[in-house]
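Note that the protein sequences, when read in sequence, are chains W and S.
Under this note's numbering, the first residue of the first sequence is numbered 1156, with each subsequent residue one higher.
Under this note's numbering, the first residue of the second sequence is numbered 4, with each subsequent residue one higher.
No lab work stands behind these hints: they were computed from the structure.
All C-beta atoms in this analysis are idealised placements derived from N, C-alpha and C, irrespective of residue type, glycine included.
Honestly, I wouldn't trust all of these hints.
[As the list claims (entries may be wrong)] Every beta carbon over 12 Å from chain W, so not counted as near; a handful from chain S, in silico:
hint : residue
1    : Q91
2    : G92
3    : V93
4    : E150
5    : I207
6    : A258
7    : S276
[Unchecked claim] Here are the simulated distance ranges between beta carbons:
hint : chain 1 : residue 1 : chain 2 : residue 2 : range
8    : W       : Q1624     : S       : Y140      : 44 to 54 Å
9    : W       : W1799     : S       : N201      : 26 to 36 Å
10   : S       : K296      : W       : G1383     : 24 to 34 Å
[Unchecked claim] Derived DSBU-like pairs: lysine-lysine, alpha-carbon spacing no greater than 35 Å straight-line:
hint : chain 1 : residue 1 : chain 2 : residue 2
11   : S       : K296      : W       : K1834
12   : S       : K158      : W       : K1827
13   : S       : K225      : W       : K1431
14   : S       : K225      : S       : K214
15   : S       : K133      : W       : K1313
16   : W       : K1834     : S       : K214
17   : W       : K1402     : W       : K1313
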Amino acid sequence: MALLGPAISQAEEFADFELGEPFALEEDIPVVLTASRLKQPRAEVPASVTVIEAEQIRDWGVRTLPDLMRFVPGMFVGHVDDENNASVAYHSSNPSLMRRLQVLVDGRSVFRAGIASVAWDDIPVAMEDILRVEVTRGPNASTYGANSFLGVINIVTKHPGDTLGTRVRYRNGSQGIDDSFVSYSGQSGLNSYRLTFNLQADDGFDGADTDEGEDEFNDSKRHGYLAGYLSRPLGPSTVLNLQAGYKEGHSDIGSDDERFRTRPYRDNQAGYLWGKVNHEFSATHQSHLQIYWQTDKRTQDGYGCVPAITLDPDLYALYGLNPLLTNALVNQDDLTPYLSSLTAEEQALLVSIQQTLTVNGAAAVEEVCGQVDTNVTEQRADLEWQDTIVWSDSLRTVSGFSLRQDRVDSETYFGGVATNNTYRLFFNVEWRLLESLTTNLGAMYEDEDANNAEVSPRVAFNWMFMPQQSFRLVYAEAIRSPDLLEQEPDYSLTLTGLTDNYLNADSAKFYMHQSISHRGLDPERIASTELGYYGSFPDYRLALDVKVYQDRLTQLISSPINLATTTVRSDTRMDINGAEMQLQWRPGVRDSLWMTASYVDTDVTLGDTSDLSDSAIESLYEVETRLSAENSFVVSWSHHGNSWNTSVSHFWYDAYNNGKNAYRRLEINGRKQWLIHGKTVWLGAFWQHLIDDGRLNYSNQVYSEDNVYYLQGGLDF
Amino acid sequence: MNLPCMDAGRKIRTSLCWMALVFFVPLAWSGELVFVSHALLPSVRELAQQTAERSGKTVRIALTDEALNAATTDAVILVGPQALAQWQGVENIPAIAVFVSREVVRQSRTELASAVYLEPPLLRQLELAKNIIGTDYPFGVLVADNEQWQSLGIKNQHLLVPYFTADYPSLNYALQDLLKTSPALIGIYDPQLYSSANIKNILITAYRHNKPLIGPSSAYIKAGAMATTYSDISDIAARLSDIVSTGLRSGQWPAADYNPYFKVKYNQQVARSLNLLLPDADQLAERLAAQEKAQ
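Start from the sequences, fold in the hints, and give me the full structure.
Spelled out as structure tokens, the structure:
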């Protein structure tokens, strides 16, 4: 009787009524809200999005996140030698810095804000644990905040309840590839957890002019981590997800600076704690609270030898007042252009230095050697609360706030500790104006200690002229806030354990330095307009996305951020126009085709170049565009047999590196599996062939052989 | 047209009119149909009324403990599993069970003239899934064990693949395996498997894989299942009228079976988020019914 009770009150809903006790009645069945707020249908998404699923990652045989990004239209992958880090950019950007894309792992930003960059090797996610990678192609600061500049790479890992059991994989191949992976996931009741250990190593590039089969470039790396994930319901409508990880790594760094071999390697230790509580108040209202803390310690010792005079405190002081004069003095250039405008203080220091040179003679220019470290420890604490309300069938809002503290501790870069607090408010309204017309209006307001308050808006219209086809018009703005090193550097190199010198010093500071309370740099800005089309044709198993766009990037900071830089300006402008497409087609059940094409036309306008040499101007022009190919085309075909699969991918980049390079590469990946006593055993092989004799961007970024391969095997039970 | 009960302007008049129909229209047979249920439920009244309307028979509702007179009763309709369980049987009164599952009827010791199963047949749900998702991949079905699978009587159906939960350490292991290869999960009528406790887990896991649940019944649509076929009270009344007419006229009662009258129901929001375009529900139901008839 009790069971039938609710039915009486629902008498008018006879259509749904079932009397089949003990079969559950509608009232007894919990409404699973996740289902009703899953995602926006593709045709209604107010941005260009590329989604790469777990199956594709496995089919393509990709072993690193940057390599995966090659499958995204308009995305380019280069390498930063000074950091031994991959650089990934959408459309156009400086290949030496990895700071204009936001990268999130399950909502946690791995973008390092103290010294802006994304260190790919430090992201503790095994390719096997990735559920999908959602790439928002275009600025999306209104959703993700500052630094969601050229685009956002959102890595979503598999729920531990979906990886139950043990997975083991080992991989070994050419170029020192040596990767191991062990993961265990378990479940008890509705609680599920996972522990993953992953170790990844390779020898990197082989360097310019290296004999075939030889590796003379110092860029090997070995990174390993242990990561845990726990998912636990706290109540019928509340779920807690916890993640924690510890990582250690070592990267060798090929440095071309002969004076300071400060970057022969970098050791890194990192850890994170992440927690997120999702609560569903009702079918139309839900919130989450996310808190995370992460730390990253980078140790870089080096040994350097410089003329003794460059460690003289007077020279250090003079550089602080007049760097160009000081460089001319050290380089023994003609000082005349600088002498007419000297201040009394500069004059006095110049006289003192000249006396020192005279008094000490040869001892003043004698080489002195010492230890140099460029250690950095970064920490971030972040709290975010987000609220989603469905007001009606046609109106839905997402709003929230976040608080973040970034803290950097480095004698070299900041003369100690520097902190930056960021406060954010954001909202997005999805409003269905007509049955076939949706608009999204969103904005992010953020204020931080190191930079002025900014608002980043986005407006989008999606017109679903057919049920699964739409046109979209999107206008979005975003900023990249200058990092602490750009804005507030206290950057100097201290040599310790010095060999004998006329200063009788055991430690001393190299004369070049940057000690600036605040540079007052404007944030880099992007305003992007795109017209896109998305169409899904289920009868043909085909989905197509095409867009034309216009990106206006202003106040870009193109100046290299290194010790020798004397002026840093945010005044480069880039106008990027282009078009791109993405096509996914399954001609049959067993085959699938992935095809992307991109055309990028970039026009760089430099700002004030009055104090730069011709070669410096030339390099500034080139640096922002050398990563991108004007035309690129990627095609990949995968075939699935009953217990095997294979895929062939071809990458083509034309007029790469400012028209100097053409880059073509072919990849074949295959895998065969056997089911033995309920355990899956598998073996696989991957082969990459460089068709052109091309380097990536810079001369050392090349393999001495045309082929890279690896073999791998695994066991799932 | 000037039917006596069509001036539905006033409620009282309409009810009086219905009473008139109930008591005075039956001329063809002497007896009445007695709907037996364990409680006086609006749904039972609704079913009785609609059956009367369709079959033209006199109907009456009785509680399970009431003694029935064989002389005035043409047939008894046992509504729900409680009524079926408590039915002692009266000589010369044929009993027809409705609102009961196939499993309940199978295990019941009561001799039934006929029955209309509550749940949609698995093959109908499969046809629904094929029409929405296509026939590229076989669909997974969670069942407790091979015995349960055999009892469903599915043969030579390569588009249905059973996953036996008994073969796995837990339901989730089975579900994980199923969702790896199947484009959707088809729910069978199993109150234990699809209990209130399990359904959330099943739905959340399926949606993490971007794969929908088809079925097991209309009650799950609001919860987050994407589509199902189902028979509502008017469908049951329609089938019941067929059974009663045939049985009373010929003495040959149609065998207990699934309801051939049904509708299709969707959760549009789920379909939208899964990027699936759904065919019109009414047209699809008609098409499926026509297909079943042809076989």
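### Task
Report the numbers of all earlier hints that the structure fails to satisfy, in ascending order.
Of the numbered hints, 5, 7, 8, 10 and 11 do not hold.
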